[in-house]
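Novice: Sequences listed follow chains W and U, in order. Letter by letter, the first sequence follows residues 1 to 451 in the UniProt record's numbering. Letter by letter, the second sequence follows residues 1 to 451 in the UniProt record's numbering.
Any given hint might turn out to be false.
A partial selection of chain W residues facing chain U, derived with a Cβ cut-off under 7 Å [unchecked claim]:
1. E95
2. R173
3. K176
4. L181
5. S190
6. R232
7. G400
8. R402
9. T404
10. E408
11. G410
12. T422
13. E426
14. L440
Simulated coverage check for chain W against chain U, where a stretch passes if three residues somewhere in it have a Cβ under 8 Å from a Cβ of chain U [as the list claims (entries may be wrong)]:
15. 199–212
16. 340–349
17. 365–377
Under 10 Å between C-beta atoms, here's a sample of chain U residues computed to sit facing chain W [to be verified]:
18. D372
19. K415
20. R433
Read the hints as simulated data drawn from the structure, not as lab findings. Backbone N, C-alpha and C define an ideal beta-carbon position, used for all residues, glycine too.
Protein chains: 2
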Amino acid sequence: MDAGTDKPAASGETGIDPRYLHDWSGLERGTPRVLHRPRSTEEVAAIVAACDRDGSKITVQGGLTGLAGGAVPADGDVVINLERMNAIEHVDSLEGIMQVQAGATLQQVQLAAEAAGWYFPVDLGARGSCQVGGNASTNAGGIRVIRYGTMRDAVLGLEVVLADGSVVTSLTRLVKNSAGLDPRFLFIGSEGTLGIITRLTLRLQPKPGDTVTAFAALPSLDGVTSLLRDLRRALGPSLSAFEFMSTRFVDLSLRLTGVARPLETAAPWYVLLDATGAPGADVTPALHQALEHAMADGLVADCAVAANGAQGQRFWRVREGIPEILTELKPLINFDVGLPWVETRGFIERAEATLTARFPEATHLFFGHLGDNNIHVVSGPHRPVDFHAVDEIVYGELHGRRATISAEHGIGFIKKPFLHVTRSPEEIALLRRLKTALDLNATLNPGRVFD
Amino acid sequence: MDAGTDKPAASGETGIDPRYLHDWSGLERGTPRVLHRPRSTEEVAAIVAACDRDGSKITVQGGLTGLAGGAVPADGDVVINLERMNAIEHVDSLEGIMQVQAGATLQQVQLAAEAAGWYFPVDLGARGSCQVGGNASTNAGGIRVIRYGTMRDAVLGLEVVLADGSVVTSLTRLVKNSAGLDPRFLFIGSEGTLGIITRLTLRLQPKPGDTVTAFAALPSLDGVTSLLRDLRRALGPSLSAFEFMSTRFVDLSLRLTGVARPLETAAPWYVLLDATGAPGADVTPALHQALEHAMADGLVADCAVAANGAQGQRFWRVREGIPEILTELKPLINFDVGLPWVETRGFIERAEATLTARFPEATHLFFGHLGDNNIHVVSGPHRPVDFHAVDEIVYGELHGRRATISAEHGIGFIKKPFLHVTRSPEEIALLRRLKTALDLNATLNPGRVFD
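Produce the entire structure from the sequences given, and follow the hints as far as they go.
Specialist: Structure below.
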């Protein structure tokens, strides 16, 4: 039975399908009391108001693809899953703006944009399952952040249910609005702790032109950041992806996926990059010229520019060998840290040396969206008893580097013990004041991000 | 005498230069008790803590170029002017990131970026006087928003002094950070009501390539939005400015500035636009092609593409005739409303008809950065006694159009009576909860934005 407006707390499901007890993090917490799958903002508001009255704790769920455990319920929780609120309510094809319910999947949004002649640029592997409300609440990004930014840049307005069941509708659809603080930024990235996002207005982008992919071998990690600087300057917004990978990452991915090696030249670091122009514009000459400069400067030892889309996709298959790698190395730990470019080499060299010394049998891989400051570290296999020691090594190397423990996946439960690495006591105190102001009884997603 | 850390309240200036009593809005309020011009965050914190103890009210000042009266002090206020905190503290020329004190002028930031081989894209006419802290607190934008966004997109991190004198240093310098709610968004756009911004980390951009300017005559207002859609799709991020102007605006500007008419073809609407590629890329062919399509489609009646930079500057001089126009029409009212594109024609036609019927002797001009949803209305001359009636007509036409009363200048004091046009009671209640949570005694910039 569905939640109704009249008796919401009584109308949820109590024999709960186990798929609502987990996300992709694998974290296990407990058995919730009831599952609601409302169909409207009014239903969400009624459920939250009832919880506010009776003191129940709420876990909010989107597509359950999170990697930080934020959507995993505890014993006795009231679960609100937004999967039935998946309507594409309106597309303005003149201006390129869409209004949707929060439970629409990212893929639904992408396809609706495409059908209207536009493009929605946030994109992740979980696109078929993850929901835009969850994407907004975790400020998701993906592989096109270097060109288009994260969800924070894609969301123009929000409707939110607050912890007392009141509804704030701020479905602004303006690029520029200076009428006081913009409420949307309270809810983007706060992981459902300040309110439940129920509807969104999204900014679409013009469809991009053709993409040219290149694969480059680099002799040093400093060369990777120098190449990124030079390509940003030469290509401007045409630089639409820049992924770096360690040689261990590339070797393992090639072995597991069976893909042909894009370059014969051996090097400690590889970069995969895309250049994308406006429709009808060919960015290939500019890309060739920039890469020739980089080779002349010694930043790049060798490189290949894909002759066509199919070859470009084969280059990308190396980076997308991640599922095979994660299967091969498990039990593993997957980090999504972020650092200033000047700290990249120091962090990687020290973290790799310490991890290798302490866990010589495990494989430690470094790769990521460097243009967004994002470095992934995958380390495994490890015994679960060693997980904490691996965390301590990687997060310990972030201290003093103005880094973040999460550039992408969020804090949830899993990274909460390390929030202090990224946020000062004063910042956490400020976040706590906001939580108290908006949710005094800690009804919404209690225990996420900070205690 | 300057504020010191030990006895800040006693060490400010009491014989206050009249220039600290006004901003560019012309609003007059009263005589402050003391003026502080601190040199450091610690001095700001000490002054605020003293005010928190003795119940003084604080007016925060940047470059005093605001148009909404937000920096104008009242009788008995403690004024904190940030002009002495103008250091460019650090430029990372590898990654294109700058750390500055809040009192640095916009022009200082632009020049420091230029000197490091980068570009700071926020730009306004007041660049020589306005300060980046003020730019952030009002979420300033300017003429390049269509390509680069507003201050919200340029600020990566902030340091803020809260109402109790505590300091929150969140000088993040990462493009992507998903470690909980990002505190910077509480302070960008909230006009100094939640905290005083003392330092910022700013994101620089690669230097753009050459700009090509065009001037087009359009037979209809619907054609203006259709042209904008088509140019966005054809040029993508190369479309770097799109300004529309009514024929009255163009005629008056040409008469007052003496500039040669860019196009002989008479039309009710004109568009001035820039296309800017990456360095070394020539966007002229793509712009020509897009404009030819628009002429074939009947959207554009005639157009001229500037043959060189000097001609492009002459085209821009038409749009930049604003100071002469403002002098000619005063006493006038200058609006910076924002609307969805689909509402543009309805709003302008109705507002113009009503203004003309009610004030047939006055001139009513419509123009603006349409790509950012921003429409300026300038109406004058008016007797001061009629100002409120003009406000009522223009803001009244925004009702039901999902519009904003301020796309650019902020609310301050002057637009406060009309905030309800843009923000629902629920949104204002939410903003009030934040104000109460962070500044219970209303010490910081009291009376701005909302009561």
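Novice: May I ask you to test the interface hint for L440 (chain W) with respect to chain U, counting a Cβ-Cβ separation under 7 Å as satisfied?
Specialist: Where the cut-off is 7 Å and the nearest Cβ of chain U is about 10 Å from L440 (chain W), the hint is violated.
Novice: Is the coverage entry for the stretch 199–212 of chain W by chain U consistent with the three-residue Cβ rule at 8 Å?
Specialist: holds (count 4)
Novice: Given E426 (chain W) as an interface hint, is the shortest Cβ-Cβ distance to chain U below 7 Å?
Specialist: 5 Å, holds
Novice: Count the residues of the stretch 340–349 of chain W whose Cβ falls closer than 8 Å to any Cβ of chain U, and tell me whether that reaches three.
Specialist: As far as the stretch 340–349 of chain W goes, the hint holds, because 3 residues have Cβ atoms under 8 Å from chain U.
Novice: Holds or violated: the hint that T422 (chain W) contacts chain U, with Cβ atoms closer than 7 Å.
Specialist: 4 Å, holds
Novice: Just to be careful: measuring from the Cβ of K176 (chain W) to every Cβ in chain U, is the smallest value less than 7 Å?
Specialist: 4 Å, holds
Novice: Quick check on the hint: R433 (chain U) CB to chain W CB, less than 10 Å?
Specialist: Status holds, d = 5 Å.
Novice: Quick one, is the R232 (chain W) hint okay against chain U at 7 Å, beta carbons?
Specialist: 5 Å, holds
Novice: Checking hints one by one. Is R402 (chain W) an interface residue toward chain U, by the C-beta closer than 7 Å rule?
Specialist: 6 Å, holds
Novice: Given a cut of 7 Å on the nearest C-beta pair, is the interface hint for E408 (chain W) held or broken against chain U?
Specialist: E408 (chain W) check passes; min Cβ-Cβ to chain U is 6 Å, inside 7 Å.
Novice: Given S190 (chain W) as an interface hint, is its Cβ closer than 7 Å to any Cβ of chain U?
Specialist: 4 Å, holds
Novice: So is the stretch 365–377 of chain W in contact with chain U by the C-beta rule, three or more residues under 8 Å, or is the coverage claim wrong?
Specialist: holds (count 5)
Checked against the numbered hints given earlier, this structure breaks hints 7, 14; the rest are met.
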